[in-house]
Amino acid sequence: MKDFINAYSWINIHYLLQGLWITVAVSVVSIIGSYVLGSILGIIRYVNIKIVSPVVGLIIDIIRNLPLLLIIFFTYFGLPNLGFRPSSVWATIIALTVFESTMIAEIVRSGIAAVDPGQMEGARANGLTYGQAMYHIILPQAMKKMIPALVSQFISLIKDTSLATIIVLPDLMHNAQIVYGQNSTYILPMFLMIAIMYFIVCYALSVLSRSLERRMS
Amino acid sequence: MIAIFHNYGGLLLQGFGQTLLCSIIALLFSLIIGSMFAIFEVTPVKSLRVIARVYIEVFRNIPLLVITMFFYVVIPMFVTKISGFAAGTVGLTIYTSAFIAETVRSGIQSVDPGQMEGARANGLSWWQAMRHIVLPQAFRYVIPPLGNQFINLVKNSSVLAFVAGFDLMYQGNVIASDSLNTMTTYVVIGILYLIITLPLSYWMRYLEKKLA
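Just so you know, the protein sequences line up as chains R and B, in that order. Quick note: the first sequence uses full-length UniProt numbering, first residue 1, plus one each step. Quick note: the second sequence uses full-length UniProt numbering, first residue 1, plus one each step.
Derived by calculation from the structure, the hints in this document are not laboratory data. Any given hint might turn out to be false.
[Claimed, not checked] Only part of the chain B face toward chain R is listed, based on derived beta-carbon distances under 10 Å: (1) Asn7; (2) Tyr8; (3) Arg60; (4) Asn61; (5) Pro63; (6) Val73; (7) Met77; (8) Val79; (9) Gln115; (10) Met116; (11) Ser125; (12) Asn156; (13) Ser157; (14) Val174; (15) Ile196; (16) Ser201.
[Stated by the list, open to error] Quick list of simulated restraints, FRET-style, between CB atoms: (17) R:Ile62 - B:Leu20: 17 to 23 Å; (18) R:Asn183 - B:Gln14: 46 to 52 Å; (19) B:Ser83 - R:Gln177: 17 to 23 Å; (20) R:Thr185 - B:Met183: 38 to 44 Å; (21) R:Gly118 - B:Ser125: 29 to 35 Å; (22) B:Leu13 - R:Leu128: 55 to 61 Å; (23) R:Gly131 - B:Arg120: 52 to 58 Å; (24) B:Leu20 - R:Asn183: 54 to 60 Å; (25) B:Ser106 - R:Ala113: 32 to 38 Å; (26) R:Gly131 - B:Arg205: 48 to 54 Å; (27) R:Arg215 - B:Arg205: 29 to 35 Å.
[What the hints assert, rightly or not] Listing some non-contacts, in silico: residues in chain B with all C-beta distances to chain R over 12 Å: (28) Val58; (29) Tyr95; (30) Lys155; (31) Ile191.
Even glycine gets a Cβ: it sits at the ideal position worked out from N, Cα and C.
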């Protein structure tokens with residue numbers, strides 16, 4: 001019990017919160033980036049442009065099936081060989097955005113495919129162009145179907161930021177390791193605290209998505 | 001690239017084997033644990049439902065790395081010395097079982113409730129009906145999502161690199177720092193992962209289409 005009281009001193013908690021802030025900031029930037037990029041890729045894959053769509057599809061499948069950790073190593077240690085040296089924060093954001101956008105592309109593609117094709121035909125028959133029909137009719141309906149899958153993908157993105165400790169991103173996991181590295185009696189309290197912190201962030205997001213789903217249906 | 005295969009063939013093969021071994025062990029155990037919690041979630045017993053709900057929500061919302069590091073760092077302090085491979089596999093099993101529980105539960109719930117009622121009306125106990133009537137039907141629905149979980153498992157097994165689990169990713173880092181040819185090494189490692197995951201992912205997509 002005394003260990004816990006000592007471990008949760010204001011300095012340590014403050015340090016963990018700084019890590020949490022980095023985790024959240026990196027996650028938010030990557031979520032926005034991968035959502036935008038993933039939607040574009042998903043739509044390209046859905047609409048079947050000659051040559052472009054199969055090539056994009058193959059690249060998506062390759063990146064989707066690699067471990068994120070490998071992509072993080074690749075951006076941080078591999079890219080400098082090509083003359084581009086990102087900081088650990090940017091390397092994490094790039095790796096997460098590239099990896100998660102391929103996951104989101106698949107969600108977007110199957111979300112659009114799940115909309116009744118009669119919707120598109122009806123919209124075209126009423127004089128809308130393909131782009132208009134897609135933007136005003138198909139995408140809003142597809143969006144509703146995609147919300148649960150998208151949110152669980154964003155949750156796994158937040159959890160995956162912890163992998164970037166390996167390239168010394170000063171995130172929650174990394175800062176906890178620093179704290180318990182100083183004093184081995186802090187190990188258990190630190191693990192408990194970061195588990196709670198990650199849980200609160202991720203669980204809050206899943207509760208939010210459930211209420212969003214209810215309101216839209 | 002050929003040079004990497006040629007010079008470090010043994011390390012690559014060892015890493016590949018460890019990754020596959022750890023993924024298969026973790027899959028087997030997480031299937032058992034996951035199915036158990038999935039059944040808990042649909043039982044009429046409220047306390048079991050609460051236990052299952054808590055287990056699933058907790059381990060779905062905590063990073064795999066935190067769980068794995070917990071076993072690697074904390075278990076040796078209080079219980080017994082544990083190898084990186086074992087810690088990683090236990091962490092992977094617990095993390096994945098929460099996802100498999102969700103998958104299997106939705107499979108069970110997609111079976112027509114009339115099946116259960118009919119079986120009960122014919123005199124089977126709740127457990128007999130679950131075991132002989134509902135579960136066999138549920139497993140047909142959940143094969144594609146389970147396959148995707150296995151792909152995730154193979155990818156997530158790279159977390160063993162954090163705990164000296166001698167898996168593919170770990171050996172990749174060893175080779176990268178030894179050959180100084182970082183870019184090519186990671187490409188080679190990527191190809192080796194894709195050999196496992198890519199065919200599996202196309203197969204699961206085919207199964208999904210066939211079942212739909």
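So, going through the hints one by one against the coordinates:
Violation of the interface hint for asparagine 7 (chain B) is found here, the shortest Cβ-Cβ separation to chain R being roughly 18 Å, above the 10 Å cut-off. Restraint check, tyrosine 8 (chain B) versus chain R: the minimum CB separation of about 16 Å is more than 10 Å; hint violated. Of the supplied interface hints, the one on arginine 60 (chain B) holds, with its beta-carbon coming within about 8 Å of a beta-carbon of chain R, less than 10 Å. Hint status for asparagine 61 (chain B) relative to chain R: holds, with the closest Cβ pair at about 4 Å, below 10 Å.
For proline 63 (chain B), the suggested interface contact is upheld, since its CB lies about 4 Å from the closest CB of chain R, less than 10 Å. Interface restraint check: valine 73 (chain B) against chain R, minimum CB-CB distance 6 Å, threshold 10 Å, status holds. Taking 10 Å as the C-beta contact cut-off toward chain R, the hint placing methionine 77 (chain B) at the interface holds, the least distance being around 7 Å. The criterion of a C-beta within 10 Å of any C-beta in chain R is not met by valine 79 (chain B), whose closest approach is roughly 13 Å, and the hint is violated.
Evaluation of the glutamine 115 (chain B) hint against chain R yields a violated restraint, the C-beta minimum of about 26 Å exceeding 10 Å. Because the closest C-beta pair between methionine 116 (chain B) and chain R is about 26 Å apart, greater than 10 Å, the hint is violated. Evaluation of the serine 125 (chain B) hint against chain R yields a violated restraint, the C-beta minimum of about 34 Å exceeding 10 Å. Checking asparagine 156 (chain B) against chain R: minimum C-beta separation of about 7 Å stays under 10 Å; hint holds.
Hint status for serine 157 (chain B) relative to chain R: holds, with the closest Cβ pair at about 8 Å, below 10 Å. About 12 Å separates the beta-carbon of valine 174 (chain B) from the nearest beta-carbon of chain R, more than 10 Å, and the hint is not met. For isoleucine 196 (chain B), the interface hint holds, since its Cβ comes within 10 Å of a Cβ in chain R; the closest pair sits about 9 Å apart. Interface hint at serine 201 (chain B): satisfied, since its Cβ lies 6 Å from the closest Cβ of chain R, which is below the 10 Å cut-off.
Between isoleucine 62 (chain R) and leucine 20 (chain B) the beta carbons are some 20 Å apart, a value that agrees with the proposed interval 17 to 23 Å. For the hinted restraint 46 to 52 Å between asparagine 183 (chain R) and glutamine 14 (chain B), the CB-CB distance of approximately 36 Å leaves it violated. Serine 83 (chain B) and glutamine 177 (chain R) have their C-beta atoms about 20 Å apart, which keeps the hinted 17 to 23 Å range intact. Taking 38 to 44 Å as the suggested C-beta distance range, the pair threonine 185 (chain R) and methionine 183 (chain B) conforms, at roughly 43 Å.
For the hinted restraint 29 to 35 Å between glycine 118 (chain R) and serine 125 (chain B), the CB-CB distance of approximately 46 Å leaves it violated. Against the hinted window of 55 to 61 Å, the Cβ-Cβ separation of leucine 13 (chain B) and leucine 128 (chain R) comes to about 57 Å, which satisfies the hint. Taking the beta carbon of each, glycine 131 (chain R) and arginine 120 (chain B) are about 54 Å apart, inside 52 to 58 Å as hinted. At about 39 Å, the beta-carbon gap between leucine 20 (chain B) and asparagine 183 (chain R) misses the expected band of 54 to 60 Å.
With their beta carbons about 20 Å apart, serine 106 (chain B) and alanine 113 (chain R) fall outside the hinted range of 32 to 38 Å. As the Cβ distance of glycine 131 (chain R) to arginine 205 (chain B) is approximately 28 Å, the hint placing it in 48 to 54 Å is violated. Between arginine 215 (chain R) and arginine 205 (chain B) the beta carbon distance is about 32 Å. The supplied range of 29 to 35 Å therefore holds. Residue placement check: valine 58 (chain B) does not keep its beta carbon more than 12 Å from all beta carbons of chain R (closest about 7 Å).
Listed as a non-interface residue, tyrosine 95 (chain B) fails to keep its Cβ farther than 12 Å from every Cβ of chain R; the least gap is roughly 9 Å. With a closest Cβ-Cβ approach of about 4 Å to chain R, lysine 155 (chain B) is found to fall inside the 12 Å limit, against its non-interface label. At the 12 Å boundary, the C-beta of isoleucine 191 (chain B) falls inside the reach of chain R, the nearest C-beta of that chain being 10 Å off.
Of the numbered hints listed earlier, those contradicted by the structure are 1, 2, 8, 9, 10, 11, 14, 18, 21, 24, 25, 26, 28, 29, 30, 31.
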